[in-house]
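Residue numbers (our numbering), protein chains in the order written: chain A, 1 to 336; chain B, 1 to 434.
If you're looking for bench data, these hints aren't it; they were derived computationally from the structure. All C-beta atoms, glycine included, are put in the ideal place defined by N, C-alpha and C. Among the hints, a few may not be true.
[To be verified] Some but not every residue of chain B turned toward chain A, in silico, with C-beta under 10 Å:
#, residue
1, Arg55
2, Ala62
3, Gly68
4, Gly76
5, Trp79
6, Phe101
7, Leu118
8, Val162
9, Met395
10, Leu412
[Claimed, not checked] To give a feel for the contact side, a few chain A residues facing chain B, derived at Cβ under 7 Å:
#, residue
11, Pro54
12, Ile67
13, Val68
14, Arg76
15, Ala79
16, Leu89
17, Ile96
18, Val97
[Said to hold, decoys possible] Label pairs and their calculated CB-CB ranges:
#, chain 1, residue 1, chain 2, residue 2, range
19, B, Trp335, A, Ile159, 58 to 64 Å
20, B, Ser297, A, Leu316, 53 to 59 Å
21, B, Glu390, A, His191, 54 to 60 Å
22, A, Pro297, B, Ser297, 37 to 43 Å
23, A, Pro237, B, Phe171, 45 to 51 Å
24, B, Trp335, A, His115, 37 to 43 Å
25, A, Pro113, B, Phe171, 50 to 56 Å
26, B, Asp158, A, Tyr281, 30 to 36 Å
27, A, Pro193, B, Ala360, 51 to 57 Å
28, B, Phe171, A, Ser233, 45 to 51 Å
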Amino acid sequence: MIDVTVLLGLVIVVSLTFYALLGGADYGGGVWDLLATGPTAERQRATIAHAIGPVWEANHVWLILAIVVLFTGFPRAFASLSTFLHVPLLLVLIGIVMRGSAFVFRAYGPDHPGHERFWGRIFAMASTTTPLCLGVIVGAITDGKLPAAAEGPFATVFITPWLTPFSISVGVFALVLFAYLAAVYLTLEAHDPEERAAFRRRALMSGGAVGLLAGTVLVLAGPDVRSGLMASSWAIPLHFATGVSAVAGFALLWVGEYGMARIAAAAQVSLILWGWALAQYPYAIRPHLTLAAAAAPQDVLIILLQVLGVGAAILLPSLLLLFRIFGPRGQQDRQA
Amino acid sequence: MDLLYARWQMGMSLAFHIIFAVIGMAMPVMMVAAEIAWLCTRRPEYLDLAKRWARGTAILFAVGAVSGTVLSFELGLLWPAFMEFAGPIIGMPFSLEGFAFFLEAIFLGLYLYGWDKLSSRAHVFAGVMVSLGGALSGAFVVTANAWMNTPAGFRLVDGRIVEVGPFAAMFNPAAGAQVLHMLLAAYAAVGVAVAGIHARLLLPDHRHPFHRRAFAIALFVGLPAALLQPLSGDWAGRVVARTQPAKLAALEGHFETETYAPLRIGGIPDVAARETRYALEIPGGLSFLAHGDPAASVVGLNDIPRELWPPVTAVHIAFQIMVAIGTWLACLALWAGTLWWRGRLFESRWFLNAMFWSTALGLVAVEVGWMVTELGRQPWIIQGVMRTSEAVTPMPGLFVPSVLFTCIYVGLAAVVIVLIRRTVLETAPTRGHA
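Only chain A is shown next, with the shape it has when bound in the complex (with noise of 0.2 Å):
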């Protein structure tokens, strides 16, 4: 039988790559807004905005599901999180706060370009620092140099743990990795062959840049994250996957199977989650707290187990419908 704070572990994990496959291309959209440039830029926009509008709302929740499920399962890892990473989850919520609400009053504000410049740059700005500071205490986890108690000067307690060259590294790989996903991903959405090229060229470019800063990430990992990464028995087969997903995404963009390019480009997202997972594991926090440790009383995570097993049965045909009536495919279905 499988250990039951393995499995909460998991449902933490998958709400987490969901979050990353929907979410995060959301927060590309929004770095390739800040980034629009040439003669289709306004369209580039326009079909960005088009893209994520139904649906961000909804992919937003699978970040409020994997904190949920934390506190809840793992009370002691949230509030070690929530303690020591307090800076930078507050620059995620300040980029939150700023994307969510900048998106929709732009969305839904008077028909004026002042206006629409305005909050599409606070949204775009927002959307790019907020995936940053992500990946940054995703780095800070990773890293082993959280304190175990709230003892010594500010900085040292506070700043310094996650402020690393490991954790920016992962900052700006989440970053990037987001906007390849994104680009990928508007290929598909694009309206005509020139915005599509354009959307191809940036998806090639930070596909590269995936590449060169998953290899930094890796040279800046401490020893046991690296061996953690690197040594156990299934880490060969599933980096090997990984950069199979890689280099499939990329040919696939290449010569523009796009429709199979963006699942090749969502496996890859995924197989690096679920690598970190796996190097992670068993720890919640490295290196003072173990999954176990953090767990609470095993007939909560039983019952808890039971709750989300039960909403997910309501939430996934919602979830399907929506994607269904919104997707490129459904668009293109009622264009034909």
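Starting from the structure of chain A, add chain B where the hints point.
The following block gives chain B in isolation, referenced to the frame of chain A:
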């Protein structure tokens, strides 16, 4: 000092979020009601209304969603010890709330962007799901707050929690009364606010078809809730009397333990002198309301250790404001019912004026009512189990985030008000081409 900033930041975040939360519960109901009315009558004003209210809902829901996200993190950022202790016990309603919020977000996306992609039946269904998701989200979150007032579903052995029963925690003694009170408050406050806005626009032209219909739907959503609210308040009060005597004593500015305790209307508690001055006293009223018997004894603050007193003056005054507004809104409901019976709902200028001047009152009552329950529980974060001061984060310098979030929220509130005015109200059809 940091405790004070933490409380300020949490309080301010909740005060901001609660407005968007109640609108997120009630606004979809009105939007669906308008759409159903359109489908039944095919009067174009109803469709216009449904679309306008949907636009308003989209803006307000988005701000509610992000401010709610902030709160779910702030629970840990500001009160890590509380979450470490309470997470396993009250995580259940939060998880359920997560699902309810998911449904709300999914079907809101379908509703807002699905006008010409869904059949009218499916579209109405999506709107109903948004309303349901909103009500459920609110209900689940309030059960968690009720647990802080009447903790249940666990045992403490040597400071460790054992025998956790998440459902027993969720259905704690205060949950039913608080959930009902909050839901009714949401519908009453938002219904009255929207009706008030349209009352102002009906005053110069009471035959305006668009505003008449908006006014009628808003009253239909708001006033039945306003009429029932005093009853649910009475229930909530009796639960407080049974479970939180210090809170009850503070609500009433009641210092001396006595039988035939009077109900005080108004008045200003003088904490130093331990008496409440200038109140209108109804003999035996408090004993009767709290325990169903005018001869019952009601514990006063004098029999509660001084360090366990909530901030008496603030709690008492907030409570008096809430009760006064609740009573006034229930009277408005009766008045509206009489006018409607006589077919003069839109013609009475007195009533339109009364509604207009009451526009913000329901939302004010929501704010002060929330202050009553939160301030009234102090110094506890979990009544009788953990003090707020024990729960606060060790992180220093909370001054910075609390000021930052205050600025952000004040700014957002201003933008939302301007946008709602511009996109929902100012472009409202004038007569002639309505």
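A quick look at each hint next to the structure:
Here the hint on B:Arg55 is kept, as its CB sits about 6 Å from the closest CB of chain A, short of 10 Å. For the restraint placing B:Ala62 at the interface with chain A, the shortest Cβ-Cβ distance is roughly 4 Å, inside the 10 Å limit, so the hint holds. A distance limit of 10 Å between C-beta atoms decides the matter here; for B:Gly68 the minimum to chain A is near 8 Å, and the interface restraint holds. The beta carbon of B:Gly76 comes within 3 Å of a beta carbon in chain A, closer than 10 Å, and the hint placing it at the interface holds.
With a cut of 10 Å, the hint placing B:Trp79 at the interface with chain A holds, because the nearest CB-to-CB distance is about 9 Å. Contact between B:Phe101 and chain A, as hinted, is supported at the beta carbon level, the nearest pair being about 6 Å apart and thus within 10 Å. With its C-beta approaching chain A no nearer than about 7 Å, B:Leu118 sits inside the 10 Å limit, and its interface hint holds. Contact between B:Val162 and chain A, as hinted, is supported at the beta carbon level, the nearest pair being about 7 Å apart and thus within 10 Å.
Residue-level restraint check for B:Met395 holds (minimum Cβ-Cβ distance to chain A is 5 Å; threshold 10 Å). Because the smallest distance between the Cβ of B:Leu412 and any Cβ of chain A comes to about 6 Å, under 10 Å, the interface hint for this residue holds. Here the hint on A:Pro54 is kept, as its CB sits about 4 Å from the closest CB of chain B, short of 7 Å. At about 6 Å, the closest approach between the beta carbon of A:Ile67 and any beta carbon in chain B falls short of 7 Å, and the interface hint on this residue holds.
Interface restraint check for A:Val68: the shortest CB-CB distance to chain B comes to about 5 Å, inside 7 Å, so the restraint holds. For A:Arg76, the suggested interface contact is upheld, since its CB lies about 6 Å from the closest CB of chain B, less than 7 Å. Look at A:Ala79: its Cβ gets to within about 4 Å of chain B, closer than 7 Å, so that hint holds up. Interface restraint check: A:Leu89 against chain B, minimum CB-CB distance 6 Å, threshold 7 Å, status holds.
For A:Ile96, the shortest C-beta to C-beta distance to chain B is roughly 6 Å, which falls under 7 Å, so the interface hint holds. With its C-beta approaching chain B no nearer than about 5 Å, A:Val97 sits inside the 7 Å limit, and its interface hint holds. One distance hint, 58 to 64 Å for the beta-carbon pair B:Trp335 and A:Ile159, holds here, with the actual separation near 60 Å. A hinted range of 53 to 59 Å holds for the C-beta pair B:Ser297 and A:Leu316, which are about 55 Å apart.
Between B:Glu390 and A:His191, the C-beta spacing of about 58 Å keeps the proposed range 54 to 60 Å intact. Checked against the hint of 37 to 43 Å, the C-beta distance between A:Pro297 and B:Ser297 comes to roughly 40 Å, which is consistent with it. Between A:Pro237 and B:Phe171 the beta carbons are some 48 Å apart, a value that agrees with the proposed interval 45 to 51 Å. Separated by about 41 Å at the C-beta atoms, B:Trp335 and A:His115 satisfy the suggested range of 37 to 43 Å.
Checked against the given bound of 50 to 56 Å, the beta carbons of A:Pro113 and B:Phe171, roughly 53 Å apart, stay inside it. Hint check: B:Asp158 to A:Tyr281, Cβ distance near 31 Å, so the stated range 30 to 36 Å holds. With their beta carbons about 54 Å apart, A:Pro193 and B:Ala360 fall inside the hinted range of 51 to 57 Å. The beta-carbon spacing between B:Phe171 and A:Ser233, approximately 47 Å, falls within the hinted interval of 45 to 51 Å.
The structure meets every hint from the earlier list without exception.
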